[in-house]
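Residue numbers (my numbering), protein chains in the order written: chain A, 3 to 105; chain B, 238 to 579.
These are computed hints drawn from the structure, not numbers from a lab.
Please read these numbers as outputs of a predicted model, since none were measured by experiment.
Ideal placement from N, C-alpha and C gives every residue a C-beta, glycine not left out.
There's no promise every hint is true.
Derived coverage of chain B by chain A (criterion: at least 3 residues anywhere in the stretch with Cβ under 8 Å from a Cβ of chain A; other residues may be distant) [stated by the list, open to error]:
(1) 311-323
(2) 402-413
Now the in silico label distances, taken between C-beta atoms and shown as ranges [unchecked claim]:
(3) A:K49 <-> B:R311: 57 to 63 Å
(4) A:E90 <-> B:V383: 35 to 41 Å
(5) A:D51 <-> B:I355: 50 to 56 Å
(6) A:S85 <-> B:A317: 26 to 32 Å
(7) B:E353 <-> A:S85: 34 to 40 Å
(8) A:T40 <-> B:R442: 37 to 43 Å
(9) A:K72 <-> B:M449: 57 to 63 Å
(10) B:A317 <-> A:A47: 55 to 61 Å
(11) B:E353 <-> A:D51: 47 to 53 Å
Far from chain A by the CB rule (all over 12 Å, computed), these chain B residues [unchecked claim]:
(12) R245
(13) K349
(14) E378
(15) V423
(16) V425
(17) S480
(18) A504
(19) D532
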Amino acid sequence: MIRVVLIDDHEMVRAGVSAFLSTQPDIEVVGEASDGATGAELAIAEKPDVVLMDLVMEPVDGVESTKRIKASWKEAKILVVTSFLDDEKVYPVIEAGAMSYVL
Amino acid sequence: MKKDSYPRTVVWHQLFSSLLTALFVTIAFLIGDSTSLRDLFTREEGLPFGVSILVIAVLIGSIFGVGSYFYLRRDFREVAIALWKLENQKEITFRPLSPYRDTLERIARISKQRTEMIEMAKRVGDRPVSVEEARSEAVVEERRRVARELHDSVSQQLYAISMMTTAAKQTITSKPDVAAKQIEQVEVMAQTAQAEMRSLLLQLRPVELEGMTLKTGIERLLEELSRKQSTELVWRLEEVELSRHTENELFRIVQEAISNTLRHAKAKRLEIEMRTVQQTVILKINDDGIGFNVDDTQVASYGLQSIRERTAEVGGTLRLVSVPGVGTQIEVRVKQQVEGLE
Chain A
3 MIRVVLIDDH
13 EMVRAGVSAF
23 LSTQPDIEVV
33 GEASDGATGA
43 ELAIAEKPDV
53 VLMDLVMEPV
63 DGVESTKRIK
73 ASWKEAKILV
83 VTSFLDDEKV
93 YPVIEAGAMS
103 YVL
Chain B
238 MKKDSYPRTV
248 VWHQLFSSLL
258 TALFVTIAFL
268 IGDSTSLRDL
278 FTREEGLPFG
288 VSILVIAVLI
298 GSIFGVGSYF
308 YLRRDFREVA
318 IALWKLENQK
328 EITFRPLSPY
338 RDTLERIARI
348 SKQRTEMIEM
358 AKRVGDRPVS
368 VEEARSEAVV
378 EERRRVAREL
388 HDSVSQQLYA
398 ISMMTTAAKQ
408 TITSKPDVAA
418 KQIEQVEVMA
428 QTAQAEMRSL
438 LLQLRPVELE
448 GMTLKTGIER
458 LLEELSRKQS
468 TELVWRLEEV
478 ELSRHTENEL
488 FRIVQEAISN
498 TLRHAKAKRL
508 EIEMRTVQQT
518 VILKINDDGI
528 GFNVDDTQVA
538 SYGLQSIRER
548 TAEVGGTLRL
558 VSVPGVGTQI
568 EVRVKQQVEG
578 LE
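Isolated chain A (complex conformation):
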């Protein structure tokens, strides 16, 4: 089972992604958060196999959240989900320790 934590401030996006992931037999969504701060706490507590991270969030964004997770849990695998509009924000988050990103 691949355990996933979802961090995204759009409730509908969380619902959609979560529903989509639940249809995959080997994926389990173990937690969801609507901002970077609670998301980081959740990820550190749950230690999932993958963290799906949104970039633009208030008040703590995806870059900061990634830093927080990496600071206390170095092995975290963080995957950034973003659209082309956030292009210029991708480098900082990769620098912060995200593994890869999905457009």
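Fit chain B to the given chain A structure using the hints.
Same frame as chain A, but now just chain B:
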């Protein structure tokens, strides 16, 4: 750096006060011991008593005077150096324990203010001068904003819809009840996207009243919106006499306010009122929606900012009251132009 030395008079002050003390001591002796003045200054051996007191007073006075001169000069120089730095636009630093800390902090503040003013002046200087440039910059900014808003609303909902539909496609045979719920969610998502799209389109409409009076313009807008969405719209409008420019701006304010309400307020009812009282046009827009905290800067959205700016532009006053859970009231007041000035 041109040095401004600490006033040497401090040495003389110290000396003078020591002498004064010596004089008082002498007088005290005179009164206390009933020794005559003459006795004090005449003695067989060595220096007379009175003379010794004076000499000691001068000595102590000089030592203290010179000492405090050097001691106080250090603090004074710090102020002088700070002023020199202020003059030469250098960064101002000082010991936190300096007795002149208040003054030094004030100098540092002046320096900071000046830096800010210089930066502001530079920004103003960088601004496009021609109307053409200003316009094209405004267009670019507007496009950026619309892109951002679309990205933040409709685009996210479409993404969610696509995800949810893929999920429903997978579950429809194995778990039809789950699929049914997911399709219901897709419906809600699509409705939300539609509502947001509509209000964004409302913002993108041409601003001009195009020959209509403000009253007719607002009425047309509200009639059209009444057909298209579920919030109940109620209006009481009077014809008003304002300049063309002011009417256009007020029309835009109404559009922004309605767009804000439809997108964020979740209101059941929206009331718009416009009338003239004592040469002042009063425009009120009330809703019974979720409201927001007026002081919260995050909520100070583009729409509100635009309403503020437009009100200021026509010389009007804006009153914004919002109570979370109760609703929001926007009131714009504009004085009519005095006859003949227009």
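| said: For the hint 57 to 63 Å, verify it against the beta carbon of K49 of chain A and that of R311 of chain B. | reply: holds (59 Å)
| message | Just to be sure I understand the hint, the distance between the Cβ atoms of T40 of chain A and R442 of chain B should be within 37 to 43 Å; is that true here? | response | holds (39 Å)
| query | Are there three or more residues in the stretch 311-323 of chain B whose C-beta lies within less than 8 Å of some C-beta in chain A? | reply | violated (count 0)
| request: Compute the least Cβ-Cβ separation between V425 of chain B and chain A, then decide whether it is above 12 Å. | output: Non-interface label on V425 of chain B violated, nearest chain A Cβ at 8 Å vs cutoff 12 Å.
| message | Please check whether E353 of chain B and S85 of chain A have a Cβ separation lying inside 34 to 40 Å. | response | holds (37 Å)
| query | Could one say that the CB atoms of E90 of chain A and V383 of chain B fall in the range 35 to 41 Å? | reply | For V383 of chain B against E90 of chain A, whose Cβ atoms are near 19 Å apart, the range 35 to 41 Å is violated.
| message | If we take the beta carbon of E378 of chain B, is the closest beta carbon in chain A still more than 12 Å away? | response | Fine: 16 Å to the nearest Cβ keeps E378 of chain B off the interface.
| message | Tell me if the beta carbons of K72 of chain A and M449 of chain B are separated by a distance inside 57 to 63 Å. | response | holds (59 Å)
| field | Outcome for the supplied range 47 to 53 Å, where the beta carbon pair is E353 of chain B and D51 of chain A | value | Cβ of E353 of chain B to Cβ of D51 of chain A: about 50 Å, so the range 47 to 53 Å holds.
| query | Any Cβ of chain A at or closer than 12 Å to A504 of chain B, or is the non-interface label fine? | reply | Per Cβ check, A504 of chain B is outside 12 Å of chain A; nearest 20 Å; holds.
| query | In terms of Cβ atoms, is chain A entirely out of 12 Å range of R245 of chain B? | reply | holds (59 Å)
| Honestly, do D51 of chain A and I355 of chain B meet the 50 to 56 Å range at C-beta? | The hinted range 50 to 56 Å holds for D51 of chain A and I355 of chain B, with Cβ atoms some 54 Å apart.
Of the numbered hints given earlier, the model fails hints 1, 4, 6, 15, 16; all others are met.
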